[in-house]
Amino acid sequence: MRVERRAFLSAAGMVGAALCLPQRSDAAAKPDKALEEAVTVIAAVQRHMFPKGGRLPDAETMRMTRFLTETVSHPTYDRDIRVFVIEGAKELMLREKGKLLGYDRDAMEKALRRYETTDYGSNWLSRIMILSLEAMLGDPVYGSNVGEAGWRAVHSFGGQPRPKTRYIQL
Amino acid sequence: MKDVEFDAVVIGSGASGGAVAYTLCKAGYKVAVLEKGRLIRREAFSKDEIAYCRRDIVTPNLFEEYHVIEERVDGKWEATPSYESGWSFWNGNIVGGSSNFMSGMFHRMHPDDFRLKSKYGPIEGANVVDWPISYGDLEPYYAKVETLVGISGRFQAHPFEPPRSTPDFPQPPTKENAVVKLLDKSCQALGITPLVTPRGVLSQDKGHRNACYYSNFCGSYGCSSGAKSSARESLLIPALATGNLTLMSNTHVKQLHSDSKTHVSHAVAVDTVTGKERTIRARLFVVAAQAHESARLLLNSANRFHPDGLANSSGEVGKNLIFSGGGSGQGELHEDSLREISFKELMQTGYFVNRSILDWYFIDDWWEGKFKGGSVEFMFEHQNIISRAVKSRYGKERLLWGDALADRLTERFTKQKTVRFEIFNDWLPNDNCFVSLDPTHKDRYGMPVGRLRIEGHPQDVKVGSYIAKKCEKVLEKMGAKHIYSSVSATPPQNLVAGGCRFGNDPKTSVLDKQCRAHDVDNLYVADASFMPTGGSVAYTWTIYANALRVADHIVEVLKKGEV
Chain C
7 MRVERRAFLS AAGMVGAALC LPQRSDAAAK PDKALEEAVT VIAAVQRHMF PKGGRLPDAE
67 TMRMTRFLTE TVSHPTYDRD IRVFVIEGAK ELMLREKGKL LGYDRDAMEK ALRRYETTDY
127 GSNWLSRIMI LSLEAMLGDP VYGSNVGEAG WRAVHSFGGQ PRPKTRYIQL
Chain W
20 MKDVEFDAVV IGSGASGGAV AYTLCKAGYK VAVLEKGRLI RREAFSKDEI AYCRRDIVTP
80 NLFEEYHVIE ERVDGKWEAT PSYESGWSFW NGNIVGGSSN FMSGMFHRMH PDDFRLKSKY
140 GPIEGANVVD WPISYGDLEP YYAKVETLVG ISGRFQAHPF EPPRSTPDFP QPPTKENAVV
200 KLLDKSCQAL GITPLVTPRG VLSQDKGHRN ACYYSNFCGS YGCSSGAKSS ARESLLIPAL
260 ATGNLTLMSN THVKQLHSDS KTHVSHAVAV DTVTGKERTI RARLFVVAAQ AHESARLLLN
320 SANRFHPDGL ANSSGEVGKN LIFSGGGSGQ GELHEDSLRE ISFKELMQTG YFVNRSILDW
380 YFIDDWWEGK FKGGSVEFMF EHQNIISRAV KSRYGKERLL WGDALADRLT ERFTKQKTVR
440 FEIFNDWLPN DNCFVSLDPT HKDRYGMPVG RLRIEGHPQD VKVGSYIAKK CEKVLEKMGA
500 KHIYSSVSAT PPQNLVAGGC RFGNDPKTSV LDKQCRAHDV DNLYVADASF MPTGGSVAYT
560 WTIYANALRV ADHIVEVLKK GEV
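Line order of the protein sequences matches chains C and W. End of the first sequence sits at 176 in the working numbering; the numbers just go up one at a time, nothing left out. End of the second sequence sits at 582 in the working numbering; the numbers just go up one at a time, nothing left out.
Here chain C stands alone, though its shape is the one from the complex (with noise of 0.2 Å):
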């Protein structure tokens, strides 16, 4: 099977900071203030790929942000998962020189799709897409899917009984 999770943490590609992955113990032991910065980097990056005036419900209405630093930032959540995500947007910031932030939608359509052709970037593109479409699919109980706005998109509801609470207090 040899299917390798942390395959993705491969430092293939990466060219900046974020070339030596600090190890699973010490990366676990402060990742919230890490993330933190991050996720300026993360939330445009969600807003790019779900824009206001879409066709699908856009990431700040939908809260996916939020959803995504909720859910990495949870003690049960996968720890190198977090890691990677905190590193692949640094690196992401460090290939654009700083500049990603600044950038119209032309220009950072270019920026993701040049971070795309990385086997690193396409991963963690892939990771940020994964959580936002979880925020946008999952129950509301999570806070995002607001409205059921997701489900009404897709026309696929969730099932009876929906959820009272969020998985961690069961």
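Since the hints were made in silico from the structure, they are not lab data. Note that this is a predicted model, so its numbers are computed, not measured. Errors might be hidden in some of the hints.
[What the hints assert, rightly or not] The following residues of chain C were derived to be distant from chain W, with all beta-carbon distances above 10 Å:
id, residue
1, Lys39
2, Ala40
3, Leu41
4, Glu43
5, Val45
6, Thr46
7, Val47
8, Gly60
9, Thr67
10, Arg72
11, Glu102
12, Lys103
13, Leu107
14, Ala113
15, Asp125
16, Arg168
[Said to hold, decoys possible] Computed list of lysine to any residue pairs in SDA-like fashion (alpha-carbon distance at most 25 Å, straight line):
id, chain 1, residue 1, chain 2, residue 2
17, C, Lys58, W, Phe432
18, C, Lys58, C, Val160
19, C, Lys39, C, Arg133
20, W, Lys200, W, Ile502
21, W, Lys410, C, Phe163
22, W, Lys410, C, Ala49
23, W, Lys410, C, Tyr83
24, C, Lys58, W, Asp426
25, C, Lys116, W, Leu419
[What the hints assert, rightly or not] Label pairs and their calculated CB-CB ranges:
id, chain 1, residue 1, chain 2, residue 2, range
26, C, Thr123, W, Glu97, 24 to 32 Å
27, W, Glu354, C, Glu115, 29 to 37 Å
28, C, Arg168, W, Phe174, 34 to 42 Å
29, W, Tyr413, C, Arg168, 49 to 57 Å
30, C, Val152, W, Asp426, 18 to 26 Å
Note that beta-carbon positions come from the ideal geometry of N, C-alpha and C, so glycine has one too.
Knowing the structure of chain C, use the given hints to seat chain W on it.
Relative to the frame of chain C, chain W by itself:
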């Protein structure tokens, strides 16, 4: 809790543990069921995809609890801890076990599955043996499962349908999506006989359990009506009602202590919440912890009386681990090319596809020859919303986002529905498929974790591939698009058996034909560990039936005061 001695301690609360506990409690014996997972009651289950399908809430966090999986890579055995690969064999570790989360496609094994070696002869590289019991020994218990645990269905005569002692199932089949009209017609045009799938899901109310309400989210989720025939609903709740059952959740058994060569005195258990250790005494012990973990427990219970592991004088504990061979495939039914039924009917949510094919259970092919084949289940792709969207996130070579993603999701969710098939064929037992104790990795209680060496037999893939081609033809006939199948030697996560074979010879088997350890008078293994071969169907019905058979024997042993 005061230190009491039970008549029986059952380790594990899944299908087999539940069946043993139910029978013994009904017979008036005091039973303790020790389950390492927590209790989730029916009313707490929901259809929360994030919780049940995307996080580890009903299986252990792999960083905290794991095993090591060994595979052959470029001719060398490579061992990887499951926290590294993300690949584990944990299943439904809560009260009721994985039966809470099954899809409930139930089939009996065929009489020839009990005499595979006699019928087909030896296969090179495979440790195939006949069972020490026959289909006739198990048939009354297959019948009992239908009424006690609850199976809905409709009997249809078929050359490979095992004989039965009752005319039909106690409940009619669950409701079916109109796609079965198209599927049936396509099968018939190809000379294939589709059969209604017997299902461990109630179509009618039964006692404290309500009929299926067709939630559209069945497999992988706990059932909120009690319709699914889980051990928790069908056996443990009635067992608790007798007042004879002490159900201890969050209780992990790390060792069984033997005080002589032939007697286990107590279980050493740990409260998984507090970490507090205690001993639990009983006249008799029944291991039902899921195949690979049952073997690990016996191996971890070695002491001076059993230096190679409890009940392991044969050296067979952990050997001949088996899974289910086979694979799966799928095709898409699109709105613009659908025949026989309306698109609206196809998109009706909740109802089952409910079709099985047994035509290839035994194969006699003019070109390929005669060999043991397998069974097939048809179903819709799981209706989980997030996972379907995640699968659709790529276009040609790159990630989709914005309106391109919207277009893809609209197509995927509103213009087509995917029909899948799953193939079940024998996973031939062999010398390179077993569980042992890992020499370095230990669990959080200080005990070696299981090390599972996994390798399939080439015949398994040959059989699966043969059947997959037939199934693809069915999908083609249905007018499906984008048809493909995947058959490999990678085992499914949820169908594990073997590791403590039963047999008549103590030198080549761990258990006798009643699933009592040859070496230890008051020790039984009641889960799928006993199976020397697995048949070509999902194991669940056989696990329930055999555990009920073993439990009847245990009742006799307790009555006679033999332990």
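Status of the hints after comparison with the structure:
Annotated as non-interface, C:Lys39 keeps its C-beta farther than 10 Å from every C-beta of chain W; the closest such distance is 22 Å. With 10 Å as the threshold on Cβ separation, the claim that C:Ala40 sits away from chain W holds: the shortest Cβ distance comes to roughly 20 Å. The Cβ of C:Leu41 lies farther than 10 Å from every Cβ of chain W, with a closest approach of about 19 Å, so its non-interface assignment holds. For C:Glu43, the condition that its CB be more than 10 Å from all CB atoms of chain W holds, with the nearest at approximately 23 Å.
At roughly 19 Å from the closest C-beta of chain W, the C-beta of C:Val45 stays outside 10 Å, upholding its exclusion from the interface. Listed as outside the interface, C:Thr46 is consistent with that label: its C-beta sits roughly 19 Å from the nearest C-beta of chain W, beyond the 10 Å cut-off. Under the 10 Å C-beta cut-off, the non-interface status given to C:Val47 relative to chain W holds; the minimum distance is some 16 Å. Separation of C:Gly60 from chain W is inadequate, the least Cβ-Cβ distance of about 5 Å not exceeding the 10 Å criterion.
The beta carbon of C:Thr67 sits about 15 Å from the closest Cβ of chain W, which is more than 10 Å, so the claim that it is off the interface holds. With a least beta-carbon separation of about 15 Å from chain W, C:Arg72 lies farther than 10 Å from that chain, consistent with its non-interface assignment. Residue placement check: C:Glu102 keeps its beta carbon more than 10 Å from all beta carbons of chain W (closest about 18 Å). No Cβ of chain W comes within 10 Å of the Cβ of C:Lys103; the nearest lies about 23 Å off, and the non-interface call holds.
Against the 10 Å criterion, C:Leu107 stays outside the reach of chain W, whose nearest CB is about 18 Å from its own CB. Non-interface call for C:Ala113 relative to chain W: holds, since the shortest CB-CB distance, roughly 15 Å, exceeds 10 Å. At roughly 13 Å from the closest C-beta of chain W, the C-beta of C:Asp125 stays outside 10 Å, upholding its exclusion from the interface. Residue-level check failed: C:Arg168 sits 6 Å from the nearest beta carbon of chain W, not beyond 10 Å.
For a cut-off of 25 Å, the pair hint linking C:Lys58 to W:Phe432 stands: about 22 Å separates their Cα positions. For the hint pairing C:Lys58 with C:Val160, the CA-to-CA distance comes to about 17 Å; that is within 25 Å, so the pair holds. Using a Cα cut-off of 25 Å, the hinted pair C:Lys39 and C:Arg133 holds, with the two alpha carbons roughly 20 Å apart. With a C-alpha separation of about 20 Å, the suggested pairing of W:Lys200 with W:Ile502 holds against the 25 Å cut-off.
Simply put, W:Lys410 and C:Phe163 have alpha-carbon atoms about 17 Å apart, close enough for the 25 Å limit, and the pair holds. This hinted pair checks out: W:Lys410 and C:Ala49 have alpha carbons roughly 23 Å apart, not beyond 25 Å. A threshold of 25 Å between alpha carbons decides the hint, and for W:Lys410 with C:Tyr83 the separation of about 21 Å falls inside it, so the pair holds. This hinted pair checks out: C:Lys58 and W:Asp426 have alpha carbons roughly 16 Å apart, not beyond 25 Å.
Note on C:Lys116 and W:Leu419: the hinted pairing holds, with a Cα-Cα distance of about 14 Å set against a maximum of 25 Å. Between C:Thr123 and W:Glu97 the C-beta distance comes to about 30 Å, which sits within the given range of 24 to 32 Å. In this structure, W:Glu354 and C:Glu115 meet the distance hint of 29 to 37 Å, their C-beta atoms being roughly 32 Å apart. Checked against the hint of 34 to 42 Å, the pair C:Arg168 and W:Phe174 passes, with Cβ atoms roughly 37 Å apart.
The hinted window of 49 to 57 Å between W:Tyr413 and C:Arg168 is violated, with their beta carbons roughly 30 Å apart. For the pair C:Val152 and W:Asp426, the beta carbons lie near 23 Å from each other, so the given range of 18 to 26 Å is met.
When each numbered hint is compared with the structure, violations occur for hints 8, 16, 29.
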